[in-house]
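S.K.: The lines below spell out each chain.
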Amino acid sequence: MNVPSSASAQPQMVVVGAGPAGVRAAQTLLRHGVRPVIIDEAPLPGGQIYRQSLVPRGSARQRYGFEHKRAAALHAAGAQLRGQADYRARTAVWNATPGHLDLVRDGDLDGLRYSHLLIATGATDRVLPFPGWTLPGVFSLGGAQIALKGQHCLLGPRIVFAGTGPLLYLVAYQYARAGGQVQAVLDSAPLAAQASALPALLNQPGTLAKGLYYLGWLRAHGVPVHHSANLLATHGTSRVDGVRARIGGAERDFACDALAVGHGLRAETQLADLLDCAFDFDVAQRAWLPQRDADGRSTVAGVYLAGDGAGIGGAMLAELSGERSALAMLADCGIRVDAPRLRWLARRQAALARFRQGLDRAFPLPGTDAGCDDGVMVCRCEEVRAGELRAAARQYAVDDLNRLKALTRIGMGLCQGRMCQSGAAELLADCRRIPLSAVGRMRGQAPVKPLPFAVLGKDPS
Amino acid sequence: MTALLRRVAPLAGPALRLTWNGQPIAAQPGDTVLTALLLAGDRLRTTLGAGAPRAGFCLMGACQDCWVHLSSGQRVRACSTLAEDGMALVDTLPGECP
Numbered sequence: 001m002n003v004p005s006s007a008s009a010q011p012q013m014v015v016v017g018a019g020p021a022g023v024r025a026a027q028t029l030l031r032h033g034v035r036p037v038i039i040d041e042a043p044l045p046g047g048q049i050y051r052q053s054l055v056p057r058g059s060a061r062q063r064y065g066f067e068h069k070r071a072a073a074l075h076a077a078g079a080q081l082r083g084q085a086d087y088r089a090r091t092a093v094w095n096a097t098p099g100h101l102d103l104v105r106d107g108d109l110d111g112l113r114y115s116h117l118l119i120a121t122g123a124t125d126r127v128l129p130f131p132g133w134t135l136p137g138v139f140s141l142g143g144a145q146i147a148l149k150g151q152h153c154l155l156g157p158r159i160v161f162a163g164t165g166p167l168l169y170l171v172a173y174q175y176a177r178a179g180g181q182v183q184a185v186l187d188s189a190p191l192a193a194q195a196s197a198l199p200a201l202l203n204q205p206g207t208l209a210k211g212l213y214y215l216g217w218l219r220a221h222g223v224p225v226h227h228s229a230n231l232l233a234t235h236g237t238s239r240v241d242g243v244r245a246r247i248g249g250a251e252r253d254f255a256c257d258a259l260a261v262g263h264g265l266r267a268e269t270q271l272a273d274l275l276d277c278a279f280d281f282d283v284a285q286r287a288w289l290p291q292r293d294a295d296g297r298s299t300v301a302g303v304y305l306a307g308d309g310a311g312i313g314g315a316m317l318a319e320l321s322g323e324r325s326a327l328a329m330l331a332d333c334g335i336r337v338d339a340p341r342l343r344w345l346a347r348r349q350a351a352l353a354r355f356r357q358g359l360d361r362a363f364p365l366p367g368t369d370a371g372c373d374d375g376v377m378v379c380r381c382e383e384v385r386a387g388e389l390r391a392a393a394r395q396y397a398v399d400d401l402n403r404l405k406a407l408t409r410i411g412m413g414l415c416q417g418r419m420c421q422s423g424a425a426e427l428l429a430d431c432r433r434i435p436l437s438a439v440g441r442m443r444g445q446a447p448v449k450p451l452p453f454a455v456l457g458k459d460p461s
Numbered sequence: 001m002t003a004l005l006r007r008v009a010p011l012a013g014p015a016l017r018l019t020w021n022g023q024p025i026a027a028q029p030g031d032t033v034l035t036a037l038l039l040a041g042d043r044l045r046t047t048l049g050a051g052a053p054r055a056g057f058c059l060m061g062a063c064q065d066c067w068v069h070l071s072s073g074q075r076v077r078a079c080s081t082l083a084e085d086g087m088a089l090v091d092t093l094p095g096e097c098p
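Protein chains in written order, with this note's numbering: chain S, 1 to 461; chain Z, 1 to 98.
Chain S extracted, bound-state conformation (with noise of 0.2 Å):
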């Protein structure tokens, strides 16, 4: 319906990020003799699983573990793409309307019609607010990652890892195999979910292998890896030098110079938003989705998902999702596409869905933490803290996060919600007794990535 009836005559497809999905998505494209845009904020492909450094440094097995071929491969089709595809590095898309982007590199506006739009923009961890998160030193669990994979750098020198999810393992193992001071891996999930979720996790026995290789491996080497652990708060006032944490029944302290946190990962959902695809309530992810047919279609004709963008699969699946979606905008075009290799992919996606449910219940998402009290900042842009929030959501029978958003500015800062809206949500939830899906989500406003002050009043062509 969006489609405009001359696109179809002279299909304009567009990838938005070159991270596994949108990769394989556009070199899929390319192999049925359509050249695509692809819009990228990195300099290089890869996305931020596989991040690529324009100096890279240390091995590429210190950079990306036990997953360097798959890296390598995706390297090298990204390379292809830049040579043979419509390429646009650092370049961010600041809003989408029907049949347009804006974007915006180096300071400079730009607009790109697009008729097909596949939206493979990824995901940022998920951080629940705790007593101290603002403070110098708590990064997020993707961030004390890129510091090591992206500049071979160390947060530390002495760093707790905190939170959950496969991440939480993996990073600690590489923070400790390249010489980080490990002080403890605090998982909040119990490991009797772990154990539930073996039948789910041997659907991929390699993957779930390499889970219990970094957990035997900081074992062996004296990393404490504690379950059921729940983050407290942080000590330090102008930098944090440790963490408290209840475990089981007891509360214990670690002393650090860093703590790297993450609570899970969430979709960057924004273009779909913007773009009015509908959405539904995700359970296991605590969050609202885009939702998309098996093959990647959203609601919104000729607008596509693919990727942890769309909802939380991991890189693998990613790969498949974006290769399958542009199959799907092809064959949307009247391309005809192999029919084998779209069944083989439907298979490869049923298995690895499989072993995400599994993953899903081995580190189940916390909610809300009681340790969030009144005076936790929960918007680090424009520092609105829990008992400001729950004040106007008690005072004005708020049951609504954009009504709340509107009341409290919650949200309204440059990451547009992106770091807060998670805990927002749980928060005022949990206030007023209502499910999670009840409070709704923060709707996506233009511009989805800040623009400089500069490019204001410049003509965009």
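Heads up, some of the hints might be wrong.
Unchecked claim - Quick look at which bits of chain Z chain S covers, simulated, 3 or more residues with Cβ under 8 Å:
1. 5-17
2. 29-36
3. 58-68
4. 85-93
Honestly, the hints are just simulated from the structure, not real lab data. Here the structure is a predicted model, which is why all the values come from computation and not from measurement. Cβ atoms here follow ideal geometry from the backbone N, Cα and C, with glycine treated the same way.
Got chain S; can you put chain Z on it based on the hints?
M.R.: Showing chain Z alone in chain S's frame:
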């Protein structure tokens, strides 16, 4: 004050020379501004509201917590800007509330 970052292995080669609030700091080609600043220290800016110190958070251009300024007035996101020789970086511009 202990720096927040340290290198896994020292890098050889001539260093880039930058300044941070007027003080000289060194960097290597390929370092981001954030890396250069946190190899030498433990904060990037002070928030306008609460006056609280910040040192970045996500390192992937999403959280917007690591903005610093070039002395020319241009605002740069430290985690996604490469350090360049001669850069004069400041946390607060003249006339701006600290």
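S.K.: If a hint holds in the structure, say so; if it does not, say that too.
M.R.: The hints, checked one at a time:
Only when three residues or more bring their CB closer than 8 Å to a CB of chain S does the claim for the stretch 5-17 of chain Z stand; here the count is 6, and the claim holds. With 5 residues having a beta carbon nearer than 8 Å to a beta carbon of chain S, the stretch 29-36 of chain Z meets the requirement of three or more and the stated coverage holds. A stretch counts as covered by a chain when three or more of its residues have a beta carbon under 8 Å from one of that chain; for the stretch 58-68 of chain Z and chain S the count is 9, and the coverage holds. Beta-carbon proximity to chain S at under 8 Å applies to 0 residues in the stretch 85-93 of chain Z; the threshold of 3 is not reached and the given coverage is violated.
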